[in-house]
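**Student:** One-letter residues, chain by chain:
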Amino acid sequence: MAITSLKSGISTRSGMAGNTLIYPGSYESIATNTITTPTTGTTFSSIPSTYTHLQIRWIARDSGTTDNFRGIKLQFNSDTGANYSQHILFADGSSATAYSATSDDSAGTDGVAGIMPDAQKTASVFAAGVWDILDYANTSKYKTTRLLVGCDLNGSGRMSLASGLWMNTNAITSITISDNNNNFVTGTEFALYGIA
Amino acid sequence: MAKTYTPIATSTMTVNAPSITFSSIPAGYTDLKLIITFKRDNAGGVYLRFNGDSSSNYSQTFLEGASTAVSVRAGNQSFAYVDYNGDSTNNGMYSIDLMNYSNTNIFKTYLASAGNAATAIDKTVGLWRSTSAISTILVASSNGGNYFAGSSATLYGILKA
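Residue numbers (this note's numbering), protein chains in the order written: chain A, -12 to 183; chain B, 52 to 212.
Hints may be right or wrong, so weigh each one.
Computed beta-carbon distance windows for the label pairs [unchecked claim]:
1) A:24 to B:127: 34 to 40 Å
2) B:200 to A:157: 47 to 53 Å
3) B:63 to A:183: 24 to 30 Å
Please keep in mind that the hints were generated in silico from the structure rather than gathered at the bench. All residues carry an ideal CB built from backbone N, CA and C; glycine is no exception.
Please build the complete structure, drawing on both the sequences and the hints.
**Tutor:** The structure is reproduced here in structure tokens:
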């Protein structure tokens, strides 16, 4: 099968549900936080306001030892108030369920929709996720997030599609990502990108 | 800031055929993104195979929505499967993120979004139980069908800062 190079820079849209429209050349790497020592969380700070959207692409695993799935959450600009809400469509290989949370202190997949495998789960498996933070610098509206995340373990697994709201009009300048229960293990990694 | 989301290769079929292969994939990115759109001669999804591995090292968990939302699972498969159906009249569209594809310390997880407006949408998380860096991807038509001429697949590389 012939393969044709696209070095000419053809613009191609990725307009699938759950994916932001992307035009090659308008997507930039901002920073990467790699966990080298188990820790409860990590922060991107001094985020420039020059993009339209942000995206965090990540892999993560939890340090717990109870053979469980654990949640992951976001907080913006160090806001720990009850200013977050979310709706989550959750699947575990047997059923699909939906639930919501209001007046929360974070956006993410805590509670029943925890996704990260803990250290008792199959070795070498990390959950993977793509978090979109839309119109993050627009000071005229609240901020909406979207997350597609999952972890399959060959016989068990979880995934969810989540929509979150931060009820604040401030531009997002920092993002704190936290393990909802324990520590992120070494090798967990969060990469922040800006979309023009 | 460094620009990324780099087109690596694309393949557009000029005749009906059962598969597309991306080979010699460079290891210099963090994630890969594969965009596929096709019509085919029978209903079905997409099989993926990495590095020619046809052993039972693949598994998936699905979240699907048609008239209702359901979730199913498949384990110990000889291919990575992504629903949902493309057919002879409706384009199947697939967006597949292969996360940390060249990280030799972890098994490889992919996230996929797929849809066919006439039938359903699907989200998939899949696992390839191998620590090898992905250097070859076979994109094959499930159920033994052929992709129609004009079907295409494009592979992008995304590099972290």
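**Student:** Any hints from earlier that this structure breaks? Give me their numbers in increasing order, please.
**Tutor:** none
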